[in-house]
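Residue 151 in this note's numbering sits at position 151 of the sequence shown, and the numbers go up by one each step.
Each hint should be verified, as a subset may be incorrect.
[Said to hold, decoys possible] In silico DSS-like links for lysine-lysine, alpha-carbon gap of 25 Å or less:
#1 Lys256 - Lys280
#2 Lys238 - Lys274
#3 Lys280 - Lys253
#4 Lys162 - Lys191
#5 Lys193 - Lys162
#6 Lys193 - Lys179
#7 Lys256 - Lys43
#8 Lys165 - Lys154
#9 Lys280 - Lys238
#10 Lys238 - Lys256
#11 Lys280 - Lys299
#12 Lys179 - Lys165
#13 Lys274 - Lys253
#14 Lys274 - Lys256
#15 Lys162 - Lys274
#16 Lys238 - Lys165
#17 Lys43 - Lys162
#18 Lys193 - Lys154
#19 Lys154 - Lys179
#20 Lys43 - Lys179
#21 Lys191 - Lys154
#22 Lys191 - Lys179
#23 Lys179 - Lys162
#24 Lys165 - Lys253
#25 Lys43 - Lys154
Hints are computed from structural coordinates only; laboratory data are not their basis. If you're wondering where the values come from, they're calculated on a predicted model, not measured in any experiment.
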Amino acid sequence: MLLCLYGSKHSVQTRLVKSLFISLHGGGNVEPHINDSQWENQKDLYTIEEGVYLAPRAPGNTWDLWHRPEIDHMFDRIIENMVIFEGVNPNKVYLTGYSAGGDGVYKLAPRTADRWAAANANAGHPNDASPLGLRNTPFTIHIGANDVSYNRNKAGQEWADKLAKLHNEDSNGYIHLVKIYDEMGHDLYRKEKDALNWMAQYTRNPIPDRVVWVQDSVTHDRFFWLELPENQIRQYTKVIATRDGQNFDIQTKDYKNVTILLNDTMVDMDSPVKITMEEKVLFEGIVRRTIGAIARSLKRHGDPYLIFTGEVTVCTES
């Protein structure tokens with residue numbers, strides 16, 4: 001894995017305080033040296049005021065540079081290493097990308113939204129990605145009005161409309177900013193650099209009160225405080241869950257079993273919790289803290305803010 005890494009001159013060594021900006025280069029299904037040149041360009045594309053700027057070289061040279069199945073796990077490991085070795089705050093991790101890198105952000109951010117404080121797609125195309133998973137992850141799009149290749153400009157406007165509709169229906173979610181630059185094509189001449197400052201104002205909430213989880217072409221078995229059985233996971237399925245104090249509600253037509261992950265920050269672990277679906281009580285009682293739940297959380301991401309001490313699996317079928 002090839003990386004370019006630098007920190008701002010104001011960075012400090014205090015643990016878990018730095019921001020991390022992961023910046024994805026363009027290119028795609030071209031000769032390796034072209035992707036190499038795009039990587040070289042990405043290294044110095046932006047200057048950050050604080051934290052760590054990390055520009056990885058894509059592992060392959062295919063059209064889907066940044067949304068292949070192995071990419072998700074690669075970023076999990078990168079973030080974990082940056083937390084351990086660079087003192088990065090896992091609640092201040094940001095994703096940005098340009099061109100094919102922007103394509104990757106469109107795909108990666110919704111399906112791994114529990115990893116990012118905010119995300120930014122520049123001059124990219126969403127392909128078949130859905131914005132539904134971005135309920136708790138601020139998202140900004142920068143695109144040229146004349147970026148007509150692959151209809152990037154039209155796709156950017158379509159996502160702007162989708163995000164606006166989602167935010168209107170859920171005013172506490174789907175924070176977004178879309179900038180479409182008149183008379184500009186694929187080259188934005190670094191006008192998109194303001195996206196980094198826009199993202200930096202946001203901090204990830206690892207235990208939001210509402211989770212919208214939509215599986216993509218690459219699937220996952222955990223998302224924020226929800227978990228699914230591996231043998232039930234399928235592409236393009238959905239689970240929505242909300243929490244209010246000790247009460248949880250699940251909405252899904254796709255899964256027989258759903259696991260709620262709990263810790264003392266979310267609930268009073270010494271008092272009963274109630275889980276419902278369509279007003280039917282699926283579980284009511286005290287959930288015990290266990291070493292097993294803690295160990296599984298640590299093994300998953302090594303993220304101190306995504307450590308859960310208890311878990312309860314419910315059956316959604318009558």
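Going down the list of hints, with the structure as the test:
Using a Cα cut-off of 25 Å, the hinted pair Lys256 and Lys280 holds, with the two alpha carbons roughly 15 Å apart. At roughly 21 Å between alpha-carbon atoms, Lys238 and Lys274 fall within 25 Å of each other, so this suggested pair holds. Our distance criterion of 25 Å between C-alpha atoms is met by Lys280 and Lys253, whose separation comes to about 15 Å. Straight-line distance between C-alpha atoms of Lys162 and Lys191 comes to about 24 Å, which keeps the hinted pair within the 25 Å bound.
For the proposed pair Lys193 and Lys162, the alpha carbon gap of about 24 Å is at most 25 Å, so the pair holds. Under the criterion of a C-alpha separation no larger than 25 Å, the hint pairing Lys193 with Lys179 is consistent with the structure, at around 12 Å. With a C-alpha separation of about 46 Å, the suggested pair Lys256 and Lys43 falls outside the 25 Å cut-off, and the hint is violated. Annotation: proposed proximity of Lys165 to Lys154 holds, straight-line Cα distance about 17 Å (limit 25 Å).
Our distance criterion of 25 Å between C-alpha atoms is met by Lys280 and Lys238, whose separation comes to about 19 Å. With a CA separation close to 12 Å, the supplied pair Lys238 and Lys256 stays within the 25 Å bound. Between the alpha carbons of Lys280 and Lys299 the distance comes to roughly 33 Å, so the proposed pair goes past 25 Å and is violated. For the hint pairing Lys179 with Lys165, the CA-to-CA distance comes to about 17 Å; that is within 25 Å, so the pair holds.
For the suggested pair Lys274 and Lys253, the alpha carbons sit about 20 Å apart, so the restraint of at most 25 Å is met. Taken as a hint, the Lys274 and Lys256 pair is honoured in the structure, with Cα atoms around 18 Å apart against an allowance of 25 Å. This hinted pair does not check out: Lys162 and Lys274 have alpha carbons roughly 33 Å apart, beyond 25 Å. About 19 Å separates the Cα atoms of Lys238 and Lys165, which keeps this hinted pair within 25 Å; it holds.
As the CA atoms of Lys43 and Lys162 are separated by approximately 32 Å, the hinted pair breaks the 25 Å bound. Distance check on the hinted pair: Lys193 and Lys154 sit about 22 Å apart at the alpha-carbon level, within 25 Å; holds. Taking the CA atoms of Lys154 and Lys179, the gap is near 13 Å; set against the 25 Å cutoff, the hint holds. Taking the CA atoms of Lys43 and Lys179, the gap is about 23 Å. The hint holds against a cut of 25 Å.
Between Lys191 and Lys154 the alpha-carbon distance is near 19 Å, which keeps this suggested pair within the 25 Å criterion. For the hint pairing Lys191 with Lys179, the CA-to-CA distance comes to about 10 Å; that is within 25 Å, so the pair holds. At most 25 Å may separate the alpha-carbon atoms for a hinted pair to count; Lys179 and Lys162 meet this at roughly 14 Å. For the given pair, Lys165 sits about 23 Å from Lys253 by alpha-carbon distance, which is consistent with the 25 Å threshold.
For the given pair, Lys43 sits about 29 Å from Lys154 by alpha-carbon distance, which is inconsistent with the 25 Å threshold.
The structure shown violates the earlier hints numbered 7, 11, 15, 17 and 25.
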